[in-house]
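Trainee: Go by the hints and put chain B onto chain A.
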Amino acid sequence: MSVTPPDKHWWDTPIHTKEKIWLMTAFVWSIVLTVAMPALHIVGEQNTSSQYSRISNQDFDTLTDRFIEANKIGEEKGVPIVEPKPGSDVYIRGKQFGWDPILKLKAGQSYKLHLSSVDVNHGFSVFPINMNFQAVPSWDNLLTVTPTKAGMYTIICNEFCGIGHHAMIGKIYVE
Amino acid sequence: MSKFRTCPTTGFKIHAPAETLIQINAVTAIVFLLVGGILGLLMVLTRWQAVHILDAEWFYRLLTLHGIAMLVAWIIFFEMAILYFASAVVLSSRLAAPWAGWLQYLLMLVGAAIVAVQVLLGNADVMFTSYVPLKASHWYYLGIILFAVGAIVGCVVFFATLVVAKHEKTYQGSIPLVTFGAMAAAIIAIGTLAHGAITFIPTWLWAAGLIPMMDPEVYRLLFWGFGHSSQQINVCAMVAVWYTLGTLTVGSKPVNEKVSRVAFGFYILFINIASEHHLLVDPGLSAAHKSWNTGYFMHLAVLASMIHAYSVPAAVEVALRKKGYTKGTFEWLKKAPWGNPGFSSLALSLVGFGFLGGITGVVYGTEQLNIIAHNTLRIPGHFHATVVAGTTLAFMGITYYVLPLIFRREVAFPGIAKLQPYFFGIGMMVFSTAMMFAGGFGVSRRQWDMTGVEAPFQVNFDAIVDLTMAVVGISGVVAVLGGVMYVLVAVGTLLIGKKINA
Numbered sequence: 001m002s003v004t005p006p007d008k009h010w011w012d013t014p015i016h017t018k019e020k021i022w023l024m025t026a027f028v029w030s031i032v033l034t035v036a037m038p039a040l041h042i043v044g045e046q047n048t049s050s051q052y053s054r055i056s057n058q059d060f061d062t063l064t065d066r067f068i069e070a071n072k073i074g075e076e077k078g079v080p081i082v083e084p085k086p087g088s089d090v091y092i093r094g095k096q097f098g099w100d101p102i103l104k105l106k107a108g109q110s111y112k113l114h115l116s117s118v119d120v121n122h123g124f125s126v127f128p129i130n131m132n133f134q135a136v137p138s139w140d141n142l143l144t145v146t147p148t149k150a151g152m153y154t155i156i157c158n159e160f161c162g163i164g165h166h167a168m169i170g171k172i173y174v175e
Numbered sequence: 001m002s003k004f005r006t007c008p009t010t011g012f013k014i015h016a017p018a019e020t021l022i023q024i025n026a027v028t029a030i031v032f033l034l035v036g037g038i039l040g041l042l043m044v045l046t047r048w049q050a051v052h053i054l055d056a057e058w059f060y061r062l063l064t065l066h067g068i069a070m071l072v073a074w075i076i077f078f079e080m081a082i083l084y085f086a087s088a089v090v091l092s093s094r095l096a097a098p099w100a101g102w103l104q105y106l107l108m109l110v111g112a113a114i115v116a117v118q119v120l121l122g123n124a125d126v127m128f129t130s131y132v133p134l135k136a137s138h139w140y141y142l143g144i145i146l147f148a149v150g151a152i153v154g155c156v157v158f159f160a161t162l163v164v165a166k167h168e169k170t171y172q173g174s175i176p177l178v179t180f181g182a183m184a185a186a187i188i189a190i191g192t193l194a195h196g197a198i199t200f201i202p203t204w205l206w207a208a209g210l211i212p213m214m215d216p217e218v219y220r221l222l223f224w225g226f227g228h229s230s231q232q233i234n235v236c237a238m239v240a241v242w243y244t245l246g247t248l249t250v251g252s253k254p255v256n257e258k259v260s261r262v263a264f265g266f267y268i269l270f271i272n273i274a275s276e277h278h279l280l281v282d283p284g285l286s287a288a289h290k291s292w293n294t295g296y297f298m299h300l301a302v303l304a305s306m307i308h309a310y311s312v313p314a315a316v317e318v319a320l321r322k323k324g325y326t327k328g329t330f331e332w333l334k335k336a337p338w339g340n341p342g343f344s345s346l347a348l349s350l351v352g353f354g355f356l357g358g359i360t361g362v363v364y365g366t367e368q369l370n371i372i373a374h375n376t377l378r379i380p381g382h383f384h385a386t387v388v389a390g391t392t393l394a395f396m397g398i399t400y401y402v403l404p405l406i407f408r409r410e411v412a413f414p415g416i417a418k419l420q421p422y423f424f425g426i427g428m429m430v431f432s433t434a435m436m437f438a439g440g441f442g443v444s445r446r447q448w449d450m451t452g453v454e455a456p457f458q459v460n461f462d463a464i465v466d467l468t469m470a471v472v473g474i475s476g477v478v479a480v481l482g483g484v485m486y487v488l489v490a491v492g493t494l495l496i497g498k499k500i501n502a
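These protein sequence lines map, in sequence, to chains A and B.
The opening residue of the first sequence carries number 1 in the working numbering; numbering runs sequentially from there.
The opening residue of the second sequence carries number 1 in the working numbering; numbering runs sequentially from there.
Okay, chain A solo, but in the shape it has when bound (with noise of 0.2 Å):
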């Protein structure tokens, strides 16, 4: 009984061989889960960041204002649509309740994505590829990203950030 004290000599009751074969399953199931990890990791062409640094929210703004300025093409909304060279760096901003700027990439050509924010964490969710990352505030979040396929991609925010986050989406355009 599980609820009175164990016979005394539990622990050199021999484990049953139907037991045993389940725990060697398991134990190899998940030796081979840990191994699966690092390994996808090396193999695999689509993994978490290990790019990252520290800066401050007042550097991330104006590293994100120059970057508009020099990339604008046009407004959408209220919202800069900026268009970068190929293999640069691109910054988007989190900020109470939006995204900026708007993306304008070209599909097949690799970009440094910096992702932050200036206020408190908010989610950066790709819609409809439902790619997610953290945007936390004073900290880069560096992403070598390169858009395969064409079309509008909508970025929605997955992290409560405040009574409206609910209208926080953002946009990407892949030509």
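FYI, nobody ran anything at the bench for these hints, they're computed from the structure.
Among the clues, some could well be false.
Unchecked claim - One-sided excerpt, in silico: chain B residues whose CB lies under 7 Å from chain A:
#1 THR28
#2 LEU54
#3 GLU57
#4 LYS258
#5 PHE457
Said to hold, decoys possible - To give an idea of the interface, some chain A residues facing chain B are shown, with a C-beta separation under 10 Å as derived from the structure:
#6 LYS8
#7 LEU23
#8 ALA26
#9 VAL35
#10 PRO38
#11 LYS77
#12 PHE97
#13 SER116
#14 HIS165
#15 GLY170
Even glycine gets a Cβ: it sits at the ideal position worked out from N, Cα and C.
Mentor: Then chain B, alone, in the frame of chain A:
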């Protein structure tokens, strides 16, 4: 020794102060479950876009309170009852320092009340996670701290009772498996609450304007040492309840005490760093660090669950075969007491926790797959399977035995009790699955509106999302109905249940 009575069913010698503390903690837990359940109903009826009853402000506010009422108040008050049961009652011992038990209760109650009031006043729209720089009133953090201190006091009373029982020789040999599992839960609780302290004490002082803010990423790291490890307290307590329910419902005996106990040890050792899976898509830690630590530590904790996943049903099968249900492979399963709510809770809790919650947890916790799961509805889908269909349902199941054994009343409305686990368990499993499907289509968690009504741009979700969100709504209502049935039976038993004389 007049403070003891002997239970006629189990033969345990029950210490009166322990009994009172179990009663009061369990009743308080159920009150919070009721509150959290009503809030849960409002949540599903808002996220179900066709109904959408709350406005944005109250949705976020009450979502914060729903998380606190359920994940903190209901679960931890009930776990305090379990700790006192697994120590004083199961070991037939006196409870060490009953005054400290009352201190535990009062601190937790005052803490929970402060938190609830602050949230309802609109001073703490920060969600359960309260990631800085989102700021609540300093009272909110103080409430959390008081609650946590109360829980630590409860754990200390539990450990002291183990010492008292050993010293006064109230039992022979080693402690029973259920007490061992509760002990594992209490050990994890101490480590978890220490993380809670280093997260919330500086945050409290910051909110009061006394010190500068903690780095937001450091906060996330420390918070999850508290936030996810605390789920492992629930897992340990739930597995201990599974073993108890196996014994109480069909008279099962652990198949191998050594294996089950080592598995509890794995939970203690490995869950802490595995909690880093919350930070897989964060800046601040390298991918190598995250994938190594979540990989090796997480899978050893998972191994522990795999062990219980065998030993709990195996013990039930052995017990039922001993009763003569030996025909074929599955006669024992067919003839199992499915009409006993304790047994059906156990069975559904095993399936909900293991298959839906556990497997999705392992999947979402891997490095690349987390990219397509992080903060989508997949995550609440996962933890409603573990904590609600798993832990909460197991706690509901044990209630059907706590009522006659500790409250000494026959369970009222047995017809409702019989159906309750099915409504709650199946409702919750469908609910979790539908949430995970919606998350797969990119629907975000913690979002009042997904149509972009207040946003500059609209998100063109696949039409099937409307269907999945309707399933979330309907199955959520069914699960809440199951919760209401549980509260009705529990409260009904306390008020009009036939007294059992002993």
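Trainee: Next, verify each hint and record whether it holds.
Mentor: Tested hints:
no. : hint   : result
1   : THR28  : 24 Å, violated
2   : LEU54  : 12 Å, violated
3   : GLU57  : 5 Å, holds
4   : LYS258 : 6 Å, holds
5   : PHE457 : 5 Å, holds
6   : LYS8   : 6 Å, holds
7   : LEU23  : 7 Å, holds
8   : ALA26  : 4 Å, holds
9   : VAL35  : 8 Å, holds
10  : PRO38  : 5 Å, holds
11  : LYS77  : 4 Å, holds
12  : PHE97  : 8 Å, holds
13  : SER116 : 8 Å, holds
14  : HIS165 : 7 Å, holds
15  : GLY170 : 7 Å, holds
Comparing the model with each earlier hint shows violations of hints 1, 2; every other hint is respected.
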